[in-house]
Structure formats: structure tokens, C-alpha cells
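Trainee: Each protein sequence line maps, in turn, to chains A and B.
Under full-length UniProt numbering, the residues of the first sequence are numbered 1 to 157, in order.
Under full-length UniProt numbering, the residues of the second sequence are numbered 1 to 157, in order.
Please keep in mind that the hints were generated in silico from the structure rather than gathered at the bench.
Be aware that a few hints might be false.
The list treats identical chains as one, so a pair stands whether inside a single copy or across any two.
Within a straight-line C-alpha distance of at most 20 angstroms, the following computed EDC-like cross-link-like pairs (lysine to aspartate or glutamate) qualify [what the hints assert, rightly or not]: (1) Lys-133 x Glu-49; (2) Lys-25 x Glu-38; (3) Lys-20 x Glu-38; (4) Lys-41 x Asp-130; (5) Lys-20 x Glu-129; (6) Lys-3 x Asp-66; (7) Lys-133 x Glu-58.
Note that the structure is predicted; figures quoted are calculated from it, not measured.
Take a look at the letters that make up each chain.
There are 2 protein chains.
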Amino acid sequence: MGKNYWITDKPIQVNDCIAKVIRPKAGAIDTFIGTVREFTKGKRTLYLEYQAYAEMAEKKLAQIGDEINEKWQDTETAIVHRIGRLEISDIAVVIAVSTPHRNDAFEASRYAIERIKEIVPIWKKEHWEDGTKWIGDQKEKTSYQEKLPTEEEMSDD
Amino acid sequence: MGKNYWITDKPIQVNDCIAKVIRPKAGAIDTFIGTVREFTKGKRTLYLEYQAYAEMAEKKLAQIGDEINEKWQDTETAIVHRIGRLEISDIAVVIAVSTPHRNDAFEASRYAIERIKEIVPIWKKEHWEDGTKWIGDQKEKTSYQEKLPTEEEMSDD
Numbered sequence: 001m002g003k004n005y006w007i008t009d010k011p012i013q014v015n016d017c018i019a020k021v022i023r024p025k026a027g028a029i030d031t032f033i034g035t036v037r038e039f040t041k042g043k044r045t046l047y048l049e050y051q052a053y054a055e056m057a058e059k060k061l062a063q064i065g066d067e068i069n070e071k072w073q074d075t076e077t078a079i080v081h082r083i084g085r086l087e088i089s090d091i092a093v094v095i096a097v098s099t100p101h102r103n104d105a106f107e108a109s110r111y112a113i114e115r116i117k118e119i120v121p122i123w124k125k126e127h128w129e130d131g132t133k134w135i136g137d138q139k140e141k142t143s144y145q146e147k148l149p150t151e152e153e154m155s156d157d
Numbered sequence: 001m002g003k004n005y006w007i008t009d010k011p012i013q014v015n016d017c018i019a020k021v022i023r024p025k026a027g028a029i030d031t032f033i034g035t036v037r038e039f040t041k042g043k044r045t046l047y048l049e050y051q052a053y054a055e056m057a058e059k060k061l062a063q064i065g066d067e068i069n070e071k072w073q074d075t076e077t078a079i080v081h082r083i084g085r086l087e088i089s090d091i092a093v094v095i096a097v098s099t100p101h102r103n104d105a106f107e108a109s110r111y112a113i114e115r116i117k118e119i120v121p122i123w124k125k126e127h128w129e130d131g132t133k134w135i136g137d138q139k140e141k142t143s144y145q146e147k148l149p150t151e152e153e154m155s156d157d
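Throw the hints in and build the complete structure from the sequences for me.
Mentor: This is how it looks when you write it as C-alpha cells:
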């Protein structure tokens with residue numbers, strides 16, 4: 001089976017993530033898929049580059065799975081995030097959460113994507129027609145024009 | 001490409017549904033998957049049987065897609081529902097909704113599953129260890145012990 005939380009530099013197969021959470025006790029699986037969007041506020045993206053501290057990122061993804069288990073009953077979660085260069089419409093992230101009943105699946109999946117953007121050390125570099133920029137924390141409140149934070153700086157939070 | 005709303009008696013491939021909604025303008029796809037759960041309130045299900053007025057059901061699914069388009073901006077929806085005999089963990093329904101931003105995808109997908117249970121003429125027959133029952137409307141507020149409503153009766157609502 002392998003692990004439920006992983007970073008990859010290969011194209012993501014959504015089914016790999018879903019297969020990890022299908023089980024007899026579940027009646028609902030919510031799967032959130034983030035894809036590379038061409039236009040943001042009228043500005044055209046040519047492609048994106050994602051970079052991560054992979055080992056730390058996988059630990060943080062697993063932490064999110066643990067948090068979900070504490071907040072909702074009887075969940076199974078799997079999350080995969082891709083890094084490297086991604087073209088328009090490529091899948092950047094897949095979250096799958098299975099639960100006995102559907103309300104929990106929707107809520108937990110939504111929680112997961114917000115938490116990924118808050119705590120997982122993954123950054124994206126936007127490549128536009130007229131330049132590039134590292135988008136800082138995934139909530140996009142900070143931008144790193146020059147360089148990414150070090151792994152040590154990330155460990156502090 | 002084929003249609004975005006369909007009833008099938010074959011195993012559902014989740015990717016077939018997702019492929020219909022991936023597009024450059026979308027940054028988020030929420031995919032809801034309903035699977036056959038083994039236990040409901042302590043009672044063990046052996047398998048399910050789904051039956052539908054397929055042509056009417058497909059029209060109603062398309063109507064739900066139209067409703068989503070009216071309620072949220074710039075959506076693309078695909079829905080497939082399986083009929084016939086389904087074993088534990090089999091996929092009964094997949095809904096995929098793509099939108100530019102993720103909040104809309106979550107909300108629209110959730111809306112779709114509630115509406116399916118309200119308006120689409122699909123019924124399930126529970127096969128337990130000690131008997132069977134047709135679960136009536138999909139909200140499970142009515143049960144049909146004897147027979148399903150006729151297609152004409154369904155058309156009235």
C-alpha cells in the first residue's frame with residue numbers, strides 16, 4: 001500500500017489517492033483536486049514551479065491527517081502534492097478523505113486544503129508572460145522576492 | 001467526450017468523470033464519491049441494488065448541473081450514477097465540479113449530492129442478512145415496501 005502522505009515530482013494519478021481511503025466502513029469520499037489555473041486576476045500564468053522540503057512536508061501532511069482524525073469520527077485521509085514544473089491544468093494536489101457519512105467528508109477535505117496552505121513547506125513560483133515570483137506562504141500573504149526561507153526557519157512554526 | 005451526466009450499469013471509473021471538468025480556467029475540482037457502506041446503524045448490508053428511470057435520471061442530473069451554473073460562477077459539472085447490483089465499497093455515484101476557486105467547488109459538489117437525493121429517480125434496495133427493503137426517496141423519508149412509484153408518478157414533481 002505505501003504511505004498515505006507523499007510528495008512526488010511525477011504526474012499525480014487521482015486513483016492512487018482514492019484507493020488508499022476506500023473501505024467498507026466508509027460511505028463517502030470527498031476528493032479535492034487542485035489544478036494549475038491559467039488566469040489569476042486577469043494575469044496569464046504560463047506554468048508553475050513547486051518546491052518543497054519534501055520530508056518535512058510529508059510529516060506535516062500526516063499531521064493534518066491526525067488532526068482530521070481528532071476532529072471527525074472514523075476518517076481515513078490520503079494527500080499527495082506534486083513538485084517541480086507544472087503546466088496549465090496539471091494536478092498539483094489531491095486530498096481524499098473517507099468517512100461513514102458525507103458531511104464529515106466534505107468538511108474534513110476542506111479543512112485539509114486550508115491547513116496545507118497554512119503549515120506545509122511547499123512554495124510555488126509563478127511564471128507569467130512578463131516575469132516570475134515566488135508565492136510565499138501558501139495563503140499568499142507573504143512573498144519571497146529573493147529566496148525561500150530556510151528549512152530551519154520553517155521548523156520554528 | 002460524450003455527455004457529462006450519465007447512468008451506467010458498469011463499474012465507475014472516477015477519472016472518466018474528472019476528465020470532463022478539468023480545464024484551464026479551473027483551479028479546483030471537488031469530487032464527491034459515494035460508496036456502498038457495510039454497516040448502517042449496526043445493521044450489516046450484504047449488497048445493494050440500484051434501479052433508475054435512466055433517461056429521466058440523466059435529465060435530472062443535467063438539471064442539477066444547470067442549477068449549479070446559476071448559483072456559482074463559471075462551473076463545469078459531471079455526474080455519473082451506477083445502477084444494478086453493487087457490492088460493499090463499490091462506487092455508486094461520482095460528482096465532479098470544477099471552478100476557478102475552491103470554495104465554490106466544495107459548495108457546488110455538496111449541493112449536487114443533496115439534490116440528487118431529492119429529485120433524481122434512482123432507488124436502492126438494501127439486502128441485509130435478514131431481509132430486504134427498497135429505500136424510497138433518496139432522502140430516506142419514504143420507503144416502498146411493495147413497489148416503486150411509476151415513471152408517471154415521478155414526473156409530477
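Trainee: Output the indices of the hints that this structure fails to meet, ascending.
Mentor: Going through the list in order, the structure violates hints 5, 7 and respects the others.
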